[in-house]
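**Student:** Residues per chain, in single letters:
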Amino acid sequence: MKTQAAFSNRFQSFSERNSNLLRLLAVFVIVFAFFAITKQGAFLKPETFASMAVQLPEYSILALGVALTLISGGIDLSVVGIANLAGILMALFLSTAATDAAPDAVPLYIAGAAAIGFLVGLSCGAFNGLLVSRFRIPPILATMGTMQIFTGLAIVITEGKSVSGLVPAYEHGINSALFGWLPVPLLMFIACAAWVSFVLNKTNYGQKLYMLGTNEKAAAFSGIHTNTVLMKTYIYSGLLAIVASLIMMGRNASAKADTGSSYTLQCVLICVLGGVKTEGGFGKVSGIVVAVLILQTISTGLNLFREINNFYRGLIWGAVLVAVLIANCIIEQKEQAKLMKKLSMEEAAEA
Amino acid sequence: MNELSKRKWNRLLSHNEFYIAIIIVAICLLIEVRSGQFFTPNNLVDIVRSGIVPCIFGIGVLVVMLSGGIDLSFVPIAALAMYITNSVMLDTGFSGSIVVPFLLAGGIGIACGALNAVVISKFNLPTMIVTLGTSSIFTGLLRGVFEAKEKTASPILMELGSSKLFTAQNADSGLTSDMPSTLFILLGVVVVTFILLRYTTLGRGIYAVGGDPGAARRAGFRVTRIQFFVYCYVGLLAGIAGVTRTGMSQAAHFTSLLGTELTIIAATVLGGARITGGVGTITGTVLGAFLMTIVSNSLVLIGVPTYWQQFFTGALIVIGTGISVYQASKKYRGSLSLDERAKEELG
Amino acid sequence: MEHSGDIILKAEKIVKSFGGVHALKGVDLEIRRGEIHCLAGENGCGKSTLIKIISGDYVADSGSVTLNGTRYTKLTPIESIGEGVQVIYQDFAVFPNLTVMENIAATQTLMEHKKTVNWKHYREIAQEAVSKIGFSIDFDERVENLSVANKQLVAISRALLMSAKLIIMDEPTTALTKKEVAALFKIIKNLQASGISILFVSHKMDEVYEICDRLTVFRNGENVITTDIKEVDQKKFAYYMTGREFKQEQYTCAHPGETVLEVQDLGLPGAYEDISFCVRKGDIYGITGLLGSGRTELALSLFGMLRAKTGRILIGGKQARIHSVADAQKYGIGYVPEDRATEALFLPQSIENNMIVSVLDSYTDKNGVYHAGALRRLAEEWRESLHIKIRRLSDPVSSLSGGNQQKVVLAKWLASDLRVLILNGPTVGVDIGSKYDIHQILRDLAAQGIAIIMISDDLSELLPNCNRMMIMRGGRTVCEMDTSSTTEREVANIISDTAARC
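Residue numbers (full-length UniProt numbering), protein chains in the order written: chain A, 1 to 351; chain B, 1 to 347; chain C, 1 to 502.
Extracted from the complex, chain A is given alone in its bound form (with noise of 0.2 Å):
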C-alpha cells in the first residue's frame, strides 16, 4: 500500500514536472495513429521510416541552435546562412584541392573541410554573439541582418551557382547507415542532441543560460558574465549549424547559397512546439526531440497525399506555430490559475 502511494506520488510530480513532454507524446501519437490509419501500408513501411530518419537530422540539428539562443531570451535566425556559407567554403576546399588527393589522404583533406568549417561557425557565432551582447543590438534584428550578410557573401563567392564535385568517399560516409541500420546522420543528431541535454543539464553554463534567460538584469546582479554566456550560446549555435551543413553536403554531394531556406521558419516551430519559451528561460531537449519527430510525421505522411503540393506546409507549419503559440498561451493561463488556487487551499487549511 505504502509503496503504491509513494509510487502514484512520484508519478504525479513527475507528469507535473513533464506535463508539456506528455502532452507532445500524446500529440505524436495521435499524428502518428492518423497517418498509420489513413494511409496504412504505404505509411507504415520501413522505407518510410528510414527516409525519416535522414531527413529530420540536418533541420532538427539546426533547431537545437536555435533553442539555445531561444533559452537565452533571444534567438539565432541566421543559423541556415552559417550553415551554406560554411558548405559552400567547405566544398570548395574538397572541389579543388582534395580531388586529386591519393586515397590515403582524403580522410585528411576532409578533416581539413571540417575544421574550416568549424572556423567559420565559430566566427560567425561570434559576430552574432559580438552584436547581441556588446553592442545590444535585439537579437532577432542582428541574425536578420547576418543572415544576409552570411547569404550575401555564399552568393558572392559563389556568384549563385552551386558547388558539386566533392570527394566520392565523403558523400559516401554520410549517406551510410552503421551496423547497416542506424544512418551516419540520425547518429550525428543523436550526438548533439546528447550533448546539448548534457550543457544544458549538468553545466554551470547550461544554469546560467536558464537563469540569463530568465531576467538578464537579475543574472547581471547575480555576478553571472551576461555577455559571456552569451556569445558562447551564439558561438554554440553556429558549431552546430556545421555539423548540420556537413550533412547536407553530404546529403544534397553539393553546396550552394540558398539550401534549406525554409529550415529557418521550421526550427523556430520545433522550439516552441517543443516547449521553448519564446521570451526565454525555459526549454528541454526531450521536448525538441518530440516535437521533430510530430513534424517530421506530418511532413512524410503528407508527401503520400498526392493531391496535396509541397507549397501546402509553409501554410500548415505557420498555423501549426500560431496555433501551438495560443495553445500554450491559454495552457499557461490555466495552470497559473491552479497554483493560485492550490496555494489559497493549502493557506486555508493551515488557518
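These are calculated hints, taken from the structure and not from any lab test.
Any given hint could be a false lead.
[Unchecked claim] Now the stretches of chain C that chain B is said to cover, found in silico as 3 or more residues with beta-carbon under 8 Å:
| # | stretch |
| --- | --- |
| 1 | 74 to 83 |
| 2 | 88 to 98 |
| 3 | 101 to 114 |
Every residue, glycine too, gets a C-beta built ideally from N, C-alpha and C.
Using the hints, position chains B and C against chain A.
**Tutor:** Below, chains B and C alone, put in the same frame as chain A:
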C-alpha cells in the same frame, strides 16, 4: 545665437533625419564622382521610380514599430493581395475604375492584417514570432492553395503602371525614364498617414502605446483596439503596395517580392524609427527607404557586381539597427546620471 | 442623501492577490469631498495596490468601489477618470517619447472623445494647466529629458486638467527637496480650497501631520484604523503602522572589530563625489538621502555594476579592484537590490535555482559540470536557517510572499563567502512579520562579523537598525553620525533642506 534658435538647432542635431539626409547627399556625391552618371535626369527618375513601393511598405512598418511591435508578414500579405487582385482582374477582364483593384487588394490586406491583429492583441503574444508564423501561412496560401504562377499584369493595372507624368532623357546616352503616375499613390499614403499620426487621437495613441503601454492604458487609451488598428493598417498598405508594384512592373511577380521584408525594416530603422517603439517619423522612413534604393540601384553604376547586393543589405541592417540601439542606450545612460539638482550641487 | 453626496469615494471589502502574495485582504476606504485624506502604512502594506484598483488599473478579486454614488465591481481606467479620479503615480505614468505639451493635453482630448488633434489647442490647454500651479517649462521638450521634479509637475498639471474631483498622490515627496515639497504642499492646499479631495499616500509621519485632515492606516493588506488626524499622537501613529507598542530596540555595537570596508574619496562624475567612510566588523552602516542623491549609484559602484572614476576602495586594508560584479563577489561583497522582481529574482524559476545562482562557480568542477547534490543540500540548509516557508524547493519563487522572496535573495548571498552585504531598500514590499525577521537576521550577521550597509529612505527602519549612518545630498556626504544621538526629524531635515549641515 539666441536661446530659442540654439535649442532648435540642438533638437535638429538629435534627429536621425538630419544625419541620414547628410549620408544620402554624401553617397550621391560619391557615386557621381565615381561614375559621373548619378545626377542624370533618367537616373534620378529611376531612383524615384524604384523607391515608390519600398516607401509605401516602409510607412506601414513605421506605424507598427511606433506602436512597439514588428510585422514580418507584410510582404507575403502584399504578394497574396496582389496575386488575387490581379487574377480577378485578368479573369473578369475588368476595365472600370482603377479604384476597384485597390479596394480589393486593400480589403485582402486588411483581412490578413486582422488575423495578425486578433492573435497579437487577444493573446498578447510576441509580435515577431506570430508574424513569422502568419507570414508562412500567407505564403502557403499563395503558393499552395492558389497555386500561384507568375502572371502578367491585367490590362487595367498595365494601364496604371504605364501612365506617366513626364519622361526624362539622358542627354549623353539618350536613355529615357518615365516618371510614373503611381508617385501620387505614394504621396496619398504619405499624406493620409501623416494626418493619421499627427492629427488624430488614434495616431497619437499609437505613439503613446509605443512609449509606455502601461501609462497608455492608465491614461485611458484603448491599447488592444489601437494594436488591432495598427496591424490592419499595415495590411491595407501592403495591399496597396502590391497592386502598385504589379502595375509598375507590368507583372504580378511574387517570387522577387518575397524575402524583401528585412530590407524594408532595415530602411525604416535607418530612418530613425526606434525598435522599442514610440519614436519615428515619416520623413525619416522615406529618407531611409531612398537610401536603401540608392545603394542597391547604384552598385552597378560604380562597378560593384550585383552579387554583392544581399551582403550590403545585411550590412546596412546591422549598422542601421546598431546606430539606433546606440542612440537609445545613450538616452538611458543620460537618465541614469541623476537629475539637475545633483549636477547643480556637484557643480 | 446629503451625507452620501459628501462621500466621493467608498471602497468596500477589496481583495486582491498576486501569485502567492495576498496584497489586500478585504480593505475599506472612504474619502469625503474636499478633504486631504492620508493613506499610511509601511512599505508593502497594500497602499499601491488599492490605488491601482481605484484607478481601474487592476481588477479586484472581489469587493466594490463606489465613486460619486455609482457602484463599480469592475472599474475600467476610463470609468475611473470619468468619475474624476486622477492618480499621480510614483513613476508618474508619463510618456517619455512625447513632448511636455502632449503629455499634459492628451488625456483631456481623449476624455472629450475627440477624434482629431488640434496642436494649437493643445498648447493652450498645456499653458492653462501649467499656469494653474505656476511653473514654466519648454513645451516642446521630450519628457524623457526632464528632471524628476519636473516630470511630477507635468503629471500634476495633467491631473488638474481633467476636472479632477479626487487626486491620488502616491508617495509624491520621495524625490523632492524641502523647497519643492513646500511648493507641492501649497499646491495641494489650493486644490483643497477649490473643493478637490486629495488622497495622500505616504509613510512619512511629519508630512502626514502637516497636510492631512483624516487618516487611514493599512497593515499587511488589512485596515487598522480610520480616524481624524487630531485624534492620534505620533506614538499611536507609529503603533498603528508597525503593530508594535514599543519602538524597535536600538542597534548598537559596543565593541566594533577591525575595518572591513573602507572607501576613500570615491567619485563618479554626475553621480557622486568625495565619498569617504568605513564599515567595521559589527557595524550596520546606514546610507540615506533623496532619490537621486547618488546613494544607489554609490552602492552600485561598491558592487561593480558602475565603476568609480576617482578614489579607492579598501577591503580588509588592501586596495580592491572592483570592475565587475564578479570582482565584487571575489572580495565577498553581496548586494540586495532595490527592485526585487526585476533585479534580484528569477521569478518563474525554482527557489533552489534562485538560491544557488551566486555560488554556482564554486561548486563547478574543471569540466564545467556543477555539483547538483551539494547545491541542493546547501539550499536546504538555508531554507532551514532562514525559516523560509515553502512547499518544495522546486516551486517557482513567484509563488512566495514578499517577505519569503526577500529571504531567498538573502540566502543567495549568504551561501557565498560574505564579508560585506549591501542592502538597498532591505524590506520594500515585505510584510511586518518577515520585516522583523529580516532585521534580526541582519543583526545576527553583523554579530558574526559581516559588515552591513543598509540603504533606505525609510528612516523609521534605518535609525533603529543601524549604529552609524551617512546622509547624502546631491552626490555628496553632508553628514555622518551616530544613530543613537539623533532623531528622525533631525535626519529628515538634513536630507531635504539644501541649507542644512550637521
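**Student:** Between the stretch 101 to 114 of chain C and chain B, are there enough contacts, at least three residues with CB-CB distance under 8 Å, for the coverage claim to hold?
**Tutor:** Coverage by chain B holds here, the residue count being 7 at a Cβ distance below 8 Å.
**Student:** Within the assertion that chain B covers the stretch 88 to 98 of chain C, do at least three residues meet a Cβ-to-Cβ distance smaller than 8 Å?
**Tutor:** holds (count 7)
**Student:** Given as covered by chain B, does the stretch 74 to 83 of chain C meet the bar of three residues or more with CB within less than 8 Å?
**Tutor:** holds (count 3)
Of the numbered hints listed earlier, not one is contradicted by the structure.
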